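Protein sequence lines correspond, in order, to chains A and B. Using the working numbering, count along the first sequence one by one with no gaps and you end on 526. Using the working numbering, count along the second sequence one by one with no gaps and you end on 1395.
If you are wondering where the hints come from, they were derived from the structure by calculation, not from laboratory data. Remember, it's a predicted structure, so these values are computed and weren't measured experimentally. Ideal Cβ positions, reconstructed from N, Cα and C, are used throughout, including at glycine. Any given hint might turn out to be false.
Label pairs and their computed distance ranges (CB to CB) [unchecked claim]:
# : chain 1 : residue 1 : chain 2 : residue 2 : range
1 : B       : Thr1243   : A       : Ala185    : 30 to 40 Å
2 : B       : Tyr1219   : A       : Asn393    : 56 to 66 Å
3 : A       : Thr246    : B       : Lys1141   : 38 to 48 Å
4 : B       : Leu1089   : A       : Thr182    : 52 to 62 Å
5 : B       : Ala1193   : A       : Gly36     : 54 to 64 Å
6 : A       : Lys156    : B       : Thr1243   : 51 to 61 Å
7 : A       : Lys276    : B       : Ala1189   : 55 to 65 Å
8 : B       : Thr1243   : A       : Lys526    : 14 to 24 Å
Chain A stretches covered by chain B per the calculated footprint, using a threshold of three residues with CB under 8 Å from any CB of chain B [to be verified]:
#  : region
9  : 240-246
10 : 507-514
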Amino acid sequence: MTTFLIAAALASPVAAQEAGGRLDIVVQPEPPGLMLGLVQNGPTQLVAGDIYESLLRYDSELTPMPSLAKSWEISDDGLTYTFKLNEGVKWHDGEDFTADDVVFSADVFLRETHARLRASLAYVKSITAPDPMTVVFKLKEPFGPFINAFENGTMPIVPKHIYEGTDFANNPANATPIGTGPFKFKEWVKGSHIHLVKNEDYYVDGLPYLDEVFYRVIPDAAARAVAFETGEVDVLPGGSVENWDIPRLAEMDGVCVTEKGWEFLAPLAWMWLNNREGPTANEKFRQAVMYAMDREFMRDVVWNGFGKVATGPIASSTNFYSDDVTIYDHNPDKAKELLAEMGYDGEPVSILPLPYGETWQRWAEAVRQNLSEVGINAEIDSSDVAGWNEKTSQWDYDMAFTYLYQYGDPALGVSRNYTADRIKKGSPWNNVEGYENLALDEKWAAAATMVTPEEREAAYAEIQKEIVDDVPVAWMQELTFPTIYRCNVNDLVTTAIGINDGPRNAWIKK
Amino acid sequence: MTIFAVVVSRLSKAILTLLAIAILNFFLIHAAPGDPAVVLAGEAGAADEQMIEQLRERFGLDQPLYVQLGKYVAGIVQLDLGYSFRQGAPVAELIADRLPATLLLTLTAFVVSLVLGIAFGVAAAARVGKPSDTVLTTMALLFYATPLYWLALMAVLVFSVWFGWLPGFGYETVGANYTGFARVIDIAKHLILPALTLGLFFTAVYMRMARASMLEVSQLDFVKTAKAKGLSDAVIRRRHILRNAILPVVTLAGLQAGQLVGGAVLTETVFAWPGIGRLMFESLAARDYNTILGVFLVSAAMVILFNIVTDIVYRIVDPRIGARS
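So that you can see chain B by itself, here it is in the shape it has in the complex:
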């Protein structure tokens, strides 16, 4: 099959999957205790039945569940994610507002962890058993085992509170009105701590995976053959070992990529990053059904999309995969 055919077949299946996910999510969220009208009324500090009735009517919660589902699915099919009554805005708009911040954060973390992870993994494998290998693997273990939340708080304590080098939270300096390059620098500064916090765990995972995989492949016969041919170590590592050892890392990277949307709830919360993970979390707490469903759906779409991308990357890295199927 050509890559194009693969993509078409996968995309058509993806649409059905997404629809099924949307319906499943709908029932899941309605099964949770609590309803948005009571939460909203409750926050006002006072509510009578008239108010709760009004809210239910506005939210469409006074209608039977199947009617609500029908409306929701009909909307989805027309690419309409519905309206957030709580926030008084279309869900698509709310998500579009927050998505760039999340993508910036998660993509940075993704690239940083992939690059660092593979680089350290390859380096450690090349020096297996030596002190530098021990240092690298120990650090990887540490970052793998440390809770993200604690790590984030410590990073803020050290780099923001003690040294004052980096901003501890937020997306950019509020009220500074930077434009152009100054704004890019400002956002980049704000990005460092959350992106590192989010990326360290996967850096550790990639590194361990790359190291183990490199060592395994380096024992195989074709590597011995290459050595016997008299190729240099660097060339063998780059062209023969790494290329074969990278596949498991790609698999994992595909998994991480699936979390690019909505996978950063904790980091976004600690660092007050105005992204979609927080939007989801806050909407969940308020039972803002349409918004939660919208974020879930967009996340699911991303997971499916990245799965397809991962498959394509497989075929590029290892052409045998395409040939076999």
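Chain A on its own, in the form it takes in the complex:
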């Protein structure tokens, strides 16, 4: 019997935490809703991560920690996951939290509403509650990454007594979210701010320290930088300001910057290369693109040195990363050679940047510059967010920037971009490039269901080696979005999802 048990006492005070105070955090764009079971975009996870909880949290090494579950066991055959729940947990409306809520959330609610979890739940045979404080997940076959599926953005636990038997999407309670988390929803002034207040009945003694948290909606990136400078906000979550503003803000007195807190999501940026048609359908062309690009330069200049050049599909911060792959350094001569071999005739290719601000625009310009140096005729084809979604999901592009979260495991966040069964028109979050390699597909599938980490490690090493030679997409960079905050805010980033659950432990030194 494999047992993971971490005493909750580990979170006990190291320094003397001070209670009280308020924290102002930028959120952008404004979330479409705060019901985490229905919406899981970035801003929603940031705010609702304080209101809702899941069974587990994960430290920066992606080791599970207790949350709503105080302990858990995985059977030796990898098929049975048993969770013991914390006692004395209450919903924000005062109702008791029980195992029934977990069963309802995972088996009924999220199966209907949560696309990403649905993929993992396909491995699940049954979810039961033998007693009010125990939940058992039984799998059909072993699924290695399953222990990573209990993160808050992946499996938020929602209140059964409010949602059972209702039309989930249109339930009026969605406007006033009820969770078990350290903070309660107080008020949402649309276009201005969201106000959360301390949950006095939180089941972890002493937590949270803060009295209230304000999430401030400030639409303009320059205005967000100003808001931080003038002291109106205390925390700029990753991506709030343009990268070139970071060094300036970081130099201010009493300002701290951290790149931690992205280990679970581990965003990896690449360009989808259209494997179906045009020059990008040719493997030699795709390899030439990799050799043509000076990705170190792009990281240093466009991203101000934040992040890491990617070597392949799996980010180096997540499990099962392997560096035993072909390394594409900046080698324009090699690129020209490959282009000559394939007989590239100068047919123009388009680059579609991500419409997420200036940094992405400049990144596309840097790529275009590098490509033109080896004789590739590239044009930038800009678009707004909806247009980007349309073009990529309808495969109407040659090279398109994107980045995807890895969710702590290749089977959860990586394979979906490369296997042929995920080639589906109409959604921008699957195998958009049209890469078909059936032999490799079998390896991805097998690696997901192996029981021991050692077996999986070997399988993923093989996959990485093979796929990096095919270059179905141009891997660019492991992104880290630095969090900028005032140094008197302590313990803000302590887990692998950073400030999404940061206010739970944060405290302000007066």
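Let chain A serve as the given structure and place chain B on it in line with the hints.
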């Protein structure tokens, strides 16, 4: 025609115009690439066909376009602007939430620019050719030519970051829970920078227009007659010149008034002002069809309304206009 008759006839035409605008907008917005279901699904970071299908069904996008149009128009006729599935609230409610902030901002800017513009214009015309006239016209040119966006950022840099005199963004101090008079003062402080930024361009326009118009009218024969009668300069300027010179300014003011709703997207964005311009912009980016259409319709209604008001003002300022028609 009496003013009342004018208003009735104009209002009845306005309703038809609005309906036509609503239908045109409907087709325009559906012609833009991208659909709200994919945007919403895309933001979640993962989506399968089941999810996108569910969303389309909720949004009513799975139905033929003419059915969607029919439902939309039927709603409009009953003064129902529809439901924003993205924000989970009726569009009318979303607009009503944001409209006061926008009206406060744009009306302040409107009044400030009208008053300052006419005052400076009249002053400059009275001192034509003198140094004070040169200073005023140069400043007007500067504000006319400077991009709003840059001006806003500079204003924030100087007055918020450097001097710390005025708040750089927002509608009021968040979490301060001011009430009564303290709240009014707080909001007024927040209002200064965005209202000035928004108003300076029109101040410049009104000033140039008022100055030119004053100079033109002051050359006319009846002004000479008035002078010959021995009236004082101040009286001539106020009662004879200004009254005749003001009409072109009223025309322009009518145009600006038409932009009172939705015309402040940029200012609202830079100053994080929770108004309707931003609502429109964000809804557009997300292809939140019902919300965009709702804001467009309300804006169009305002433009038409202010056109009517402008016409009435014409008749009051210059009674000859009513008599002629």
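Each hint, compared with the structure:
{"no.": "1", "hint": "B:Thr1243 x A:Ala185: 30 to 40 Å", "verdict": "holds, 35 Å"}
{"no.": "2", "hint": "B:Tyr1219 x A:Asn393: 56 to 66 Å", "verdict": "violated, 34 Å"}
{"no.": "3", "hint": "A:Thr246 x B:Lys1141: 38 to 48 Å", "verdict": "holds, 47 Å"}
{"no.": "4", "hint": "B:Leu1089 x A:Thr182: 52 to 62 Å", "verdict": "violated, 37 Å"}
{"no.": "5", "hint": "B:Ala1193 x A:Gly36: 54 to 64 Å", "verdict": "holds, 55 Å"}
{"no.": "6", "hint": "A:Lys156 x B:Thr1243: 51 to 61 Å", "verdict": "holds, 56 Å"}
{"no.": "7", "hint": "A:Lys276 x B:Ala1189: 55 to 65 Å", "verdict": "holds, 57 Å"}
{"no.": "8", "hint": "B:Thr1243 x A:Lys526: 14 to 24 Å", "verdict": "holds, 21 Å"}
{"no.": "9", "hint": "240-246", "verdict": "holds (count 4)"}
{"no.": "10", "hint": "507-514", "verdict": "violated (count 0)"}
Going down the numbered hints, you'll see the structure goes against 2, 4 and 10, while the others check out.
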